[in-house]
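A.B. asks: With the hints as constraints, model all of the structure from the sequences given.
Protein chains in written order, with UniProt numbering: chain A, 1 to 203; chain B, 1 to 203.
Everything labelled a hint here was simulated from the structure, so no lab data went into it. Take the hints with a grain of salt, since some may be wrong.
A pair counts as met if it fits within one copy or between any two copies, since identical chains are not told apart.
Straight line, CA to CA, 25 angstroms or less: simulated SDA-like cross-link-like pairs of lysine to any residue [unchecked claim]:
1. K39 with A67
2. K49 with R122
3. K178 with D148
4. K178 with R149
There are 2 protein chains.
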Amino acid sequence: MPRAVREQQMMDAAVRIFGQRGYRAASMDEIAELAGVSKPLVYLYLNSKEQLFTACIRREAAALVAAVREGVSATEPADRQLWSGLTAFFEHTAERPDGWAVLHAQARTNGAPFAAEVAGMREEILAFVTVLIAEAAREAHRNPALPDREVAGLAQALVGAAESLADWANTDASVSAKEAAATLMNFAWAGLGDLMEGRRWTP
Amino acid sequence: MPRAVREQQMMDAAVRIFGQRGYRAASMDEIAELAGVSKPLVYLYLNSKEQLFTACIRREAAALVAAVREGVSATEPADRQLWSGLTAFFEHTAERPDGWAVLHAQARTNGAPFAAEVAGMREEILAFVTVLIAEAAREAHRNPALPDREVAGLAQALVGAAESLADWANTDASVSAKEAAATLMNFAWAGLGDLMEGRRWTP
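C.D. replies: And the structure:
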């Protein structure tokens with residue numbers, strides 16, 4: 001079996017064990033057993049528990065970003081793009097709950113170097129969402145336009161809301177990806193939509 | 001000086017050091033020095049670095065929940081309650097950036113026991129926000145009412161958005177508490193407001 005295939009099998013096993021047991025409690029013995037290989041082979045290919053975990057974070061982060069990007073067609077109107085992106089995000093985190101646990105819980109709860117890995121992914125998603133909101137504002141072509149700093153804040157709010165809902169959907173089996181996406185879309189778009197049209201909330 | 005006062009001074013110093021250096025890098029020497037006491041006295045009063053950190057999490061969590069509750073008057077309309085609560089939240093996290101770092105970053109990134117401490121606080125805030133959204137839906141007395149599970153999802157979205165914006169405001173000095181609150185209020189209320197009136201986003 002080619003090394004690259006073996007490595008992916010080891011990482012599949014590692015994501016499952018890290019996601020379910022947590023980084024600290026996960027044992028290399030269990031990962032090797034689940035992958036159906038010897039422990040020395042895991043160390044030979046992936047060096048250490050730290051490096052294996054880092055490789056898992058990078059793979060899962062890349063897969064999540066790719067899923068969201070692929071879910072969105074740049075030719076659609078902004079609200080459809082947001083809906084497609086949110087649907088892709090929640091479907092991906094629902095299909096890969098261990099991958100999401102690695103990214104959102106484990107990578108952020110086991111020290112700064114792992115947290116920095118996942119922070120890079122978050123920046124990429126934020127940049128993507130920021131462009132989407134700014135495009136939506138341009139489509140609505142109101143004057144004055146939504147200021148850049150408010151767009152940045154709205155992107156932060158949207159990403160934080162999505163993270164929170166993904167955790168919720170993954171801990172409550174009765175919540176589907178579509179439902180989480182619809183809840184956030186209603187929350188976010190009706191809000192953003194009003195903003196784009198210049199309807200602000202005032203005390 | 002009474003023991004209770006001394007303990008608060010030690011915890012003030014500990015929150016600053018834990019928040020700025022991180023849990024692992026924080027040293028009990030530095031905490032004792034900043035508090036102006038001997039290291040043995042810190043151990044005598046607060047037992048260990050783990051217990052000192054746990055005491056800091058509990059104190060900061062209680063202070064944050066109290067600030068939000070005190071900021072909200074139950075006699076106001078729901079949108080004003082949300083505005084007051086968000087303003088109190090962002091003012092509190094801006095005034096106590098080290099406390100927020102302890103709660104949102106350090107307590108969640110250094111192992112499950114500390115993460116569990118802060119999860120309890122998050123549940124309390126979620127319950128508070130859930131009641132607020134449900135009340136708002138009753139005020140709007142639409143029929144059919146907003147289903148409970150959608151209210152739960154909206155509360156998750158709102159709390160996640162607030163956490164994300166508090167991090168953003170605390171890392172960008174140009175973003176004020178009022179601005180963060182206004183950004184989220186516009187995002188959330190215009191959205192929630194539309195939902196209350198039965199205006200949903202549909203693909």
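A.B. asks: State whether the alpha carbon distance between K178 and R149 is at most 25 angstroms within one copy, between copies, both, or neither.
C.D. replies: between (30 angstroms within a copy, 14 angstroms between copies)
A.B. asks: Evaluate K49 and R122 at a C-alpha cut-off of 25 angstroms and name the case that applies: within, between, both or neither.
C.D. replies: Intra 23 angstroms, inter 31 angstroms, cutoff 25 angstroms: intra-copy only.
A.B. asks: Checking K39 and A67: alpha-carbon separation at most 25 angstroms within a copy, between copies, both or neither?
C.D. replies: Answer is neither; intra-copy 32 angstroms and inter-copy 51 angstroms both fail.
A.B. asks: Is the C-alpha distance from K178 to D148 at most 25 angstroms within one copy, between copies, in both cases, or in neither?
C.D. replies: Cα proximity of K178 and D148: across copies only (17 angstroms, versus 30 angstroms in one copy).
Checked against the numbered hints above, the structure breaks only hint 1 and satisfies the rest.
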